[in-house]
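S.K.: So you can see what is in the structure, the chains are spelled out below.
4 protein chains.
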Amino acid sequence: MKIGFIGLGAIGTPMAQNLVAADFDVTVWNRSADKCAPLVEAGATQADTPAGCAACDVMITMLADDDALASVVAEHGLIEAMGDDTVHVNMATVSVACARDMADRHEKAGKTYISAPVLGRPDIAKAAKLNIVTAGADAAIERARPALDTMGAKVWPAGSEPYRANVIKLATNYMLMTAVETMGEAAAMTAKYGIEPGDFLDIITHSVFAAPAYQGYAPAMAKRDYDNPEGFKLKLGAKDMDLALAAARAENMAMPVGAAVRERLSEALAAGEGELDLSALAEVSRRHGHLD
Amino acid sequence: MKIGFIGLGAIGTPMAQNLVAADFDVTVWNRSADKCAPLVEAGATQADTPAGCAACDVMITMLADDDALASVVAEHGLIEAMGDDTVHVNMATVSVACARDMADRHEKAGKTYISAPVLGRPDIAKAAKLNIVTAGADAAIERARPALDTMGAKVWPAGSEPYRANVIKLATNYMLMTAVETMGEAAAMTAKYGIEPGDFLDIITHSVFAAPAYQGYAPAMAKRDYDNPEGFKLKLGAKDMDLALAAARAENMAMPVGAAVRERLSEALAAGEGELDLSALAEVSRRHGHLD
Amino acid sequence: MKIGFIGLGAIGTPMAQNLVAADFDVTVWNRSADKCAPLVEAGATQADTPAGCAACDVMITMLADDDALASVVAEHGLIEAMGDDTVHVNMATVSVACARDMADRHEKAGKTYISAPVLGRPDIAKAAKLNIVTAGADAAIERARPALDTMGAKVWPAGSEPYRANVIKLATNYMLMTAVETMGEAAAMTAKYGIEPGDFLDIITHSVFAAPAYQGYAPAMAKRDYDNPEGFKLKLGAKDMDLALAAARAENMAMPVGAAVRERLSEALAAGEGELDLSALAEVSRRHGHLD
Amino acid sequence: MKIGFIGLGAIGTPMAQNLVAADFDVTVWNRSADKCAPLVEAGATQADTPAGCAACDVMITMLADDDALASVVAEHGLIEAMGDDTVHVNMATVSVACARDMADRHEKAGKTYISAPVLGRPDIAKAAKLNIVTAGADAAIERARPALDTMGAKVWPAGSEPYRANVIKLATNYMLMTAVETMGEAAAMTAKYGIEPGDFLDIITHSVFAAPAYQGYAPAMAKRDYDNPEGFKLKLGAKDMDLALAAARAENMAMPVGAAVRERLSEALAAGEGELDLSALAEVSRRHGHLD
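Taken in sequence, the protein lines are chains B, A, D and L.
Its first residue numbered -10, the first sequence is counted upward by one per residue in my numbering.
Its first residue numbered -10, the second sequence is counted upward by one per residue in my numbering.
Its first residue numbered -10, the third sequence is counted upward by one per residue in my numbering.
Its first residue numbered -10, the fourth sequence is counted upward by one per residue in my numbering.
Honestly, the hints are just simulated from the structure, not real lab data.
Here the structure is a predicted model, which is why all the values come from computation and not from measurement.
Heads up, none of these hints are tricks.
The list cannot tell twin chains apart, which means a pair is met if one copy fits it or any two copies do.
Listed below are the simulated DSS-like cross-link pairs for lysine-lysine, each with C-alpha atoms no more than 27 Å apart in a straight line:
1. Lys24 to Lys224
2. Lys24 to Lys118
3. Lys228 to Lys181
4. Lys212 to Lys143
5. Lys143 to Lys181
6. Lys(-9) to Lys143
Make a model of the complete structure from these sequences and hints.
M.R.: Now the structure itself:
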């Protein structure tokens, strides 16, 4: 199976590596071409343009945001370059509006598009343990499945309209942001009573909150070491929260807790913590507690 | 080992049953005496007054709230009735102020008090899988440990001052309330886009949020069946949230997300959902989404 | 007309002074007796106990909070000491529960009680420009009216059940706290764009927001000088907000905006600004904006 | 003085009428041409295109939003059509980003642009009592001043960079939205205690909150009659709130109270109240109180 892979960021790179390691015929492209070198070394082919990845069975895009995807599609005639049987699998986190627009454009061009956003951070991607939410035509998902199964632990089908997978992804990230914020608030509150954050976090992440959403962020909070290149950058969390709130707002769906969490993300950004791991949200609560 | 057990509510009853089943010599008391019958049938002794449970190695109180504890202690001379070696193990969820007051009173009377609140719902109590957070003198905790080990999966020591265990319990319940509210908001938001709540909840509780805080409430949300006698009553969740916010407020610790969640609990209470399981919070979000 | 006046705080003192200046026969009492001296100098009589103020036509209480009122009433047999025709006019800000309890106790004792909380700060009290919300039996309000008219610009009748006046007072203070917080947020937001807070506040308080709630706090915000002995202490604002939220909660009435404002008050208290004027809330927003 | 006037909406129409009545030489344009008829009848000239309004001393734009302004400017070559001495006075509520972009484009084209958003509703515009916040070059403001003085009660200069006036306008509208929401919450809370909303609103709008922000919306709340063609449509309030929050977010300025208010606006929109006057926000609180 021939796979095109566009976008070699923190999560895209290990995903592509896993495809190469599984002996798929992978062609890669990235805006900063130097990111391609390790993949080429592992056996991938490097394309000169995004369109060079389009003549394949499965074309995966894993770009930073709506704008990055839109500009790659528009500037490089990506949809036109796709083969009639190529399935475009957009695995990035994009807005609901963007997902709908992509589905429309592909349909008008007679091409095939599915959304397949991933749940998990870079380390999970590296371990090929991602949860992948897919939506689009069943046949298209099936054609992409060998690639998806290689990158993830489980594929969750979410219906025939691609945007549905994106809604689920955004709702999940909204929950994640709230979980991490809440854990930070609770750790600071207990710290006001003299309890070591590490002790508190140890209890909850081994009992009521023994799940990746908490276990993936508690150790950094306990150590107060938020400089994690394989983490989930706080500023990207804020971006995802904006997309989730925009999806809610488009339906006039009030999300008061989400709105409160978004303001805390602003506080962290104002403090210059946007490049740190999302767990740095705990520092906002610590400052509120005047704990240092 | 002789155990006194005061308070046979939804969680207290299975805890006491497990002690009886483990062949401890258990004496029970409950304000509504009829709750004692099943325990007596299983082998427990019924006391006429709370003080009748006090002549023992470990006296466990599991009363509904601060007021219930205070009135039992005051009206029945409970502290005075304790033996010199009796350890009073308060396993109920009480306020930080109440825990401090209890510790003071016992100390002044030359008696021994520890806090040992539990994490878990009635079904977890029945399965003896509770997580028990303990704080107080090490020796006292050790004396109570055979009983604690019988009722719980794990005992988490949290320091020598009893109120610390209560702070941890309240912070955990604050997180739980927020987790359930968030899950409800996210399920309603995705439902606005045509996704079945059960499908969404299935994905998240088997991936990023695969923890009791979510798995224990998602099925009821999916089925929209909140009438669960072994559940966690929403009105008790609101009470715990008030205790958590009071603990934060006593330290001038801002908890904006908790405050937002508390208002949602008010919405559910206003809709007459206080007696339902906490998962009924999802109905608040559904109403906001005009989903019915 | 003989008037008893109990409680000579920041607002009580100028109110009592205005009564003395209007030639009423005024007897005063205050826990810290030294506060009575200026009143005595102006012509008032000083009582040794609160009960010494009770043999009068109109007995005004202006105590700090529920507890202060309850303890004066309980310790000094205040209700019993009232004459059969004495009208107890409670002008302090107390909880709805306290107001109801007071009305009950007076009724049981065959005495007369009305609530008459005031809208306005110490400077307004000094100028006898208070707005006074009254509730209770019409005849009782009429008997107290000469005194009320002397202290205030306008008396607003609010029904026959005393607690109603307190509900209105608490709702008004909730709005006030929110108005001041909002003004602080907006001033900080415009300051991020280089606009002097004084310039912004000048525009709004002379146009859309030309009302005491804003004009009374904007100058201090503009000068960032919050040390105002005649102001409204921020910590008392937090206390009033708690009473307002408690009144809402007792009816399961969600107040999400009020809840958010309460957390900002916590931030100010945590920063040690509780003794400053309420306008110091603006500093919370300035810190969020990293404006210094 | 020759004036071009583009955009005859609910506020633009009375503004233009006042200019015509003051004997300025006014040329008008509106997308729906029928809106021009009353102006023409009063003495204005109707232009066939927006550019037909550009050959004048003062060209006023009063379009619905950023997009409307951008499309009129782009499609009709509006900036190019302006005379060298024409001052473009944008009086509409636009985003900070839009205001900055407009200033840039005019500067590049050697043309003159100022921002002059207005505070006030249609009835205030009709009475020529608007408060007008202006920012831009002093000389340009002075050239426009005769027109501004005709339409408003007062002109507030806010510096030389046009976007500053827009920031002030957005911050003011953020405060307005919060004021109206707060008034609705307070009225519902007092109503839970049996107080007629009209009675409560009467007290506060004649005392602590005696300002247009409250007095302009309280009567509709008291009557629960929100169908006001000269009012401020709730959906436009939500739009302005989004612009204010976007301006805050661009500076990472947390606005938790504003965020909470925005969610209430969503509730009103979800209930189909977007076309009603902003005072309909009170119905959200009434529903929370189950008052009907």
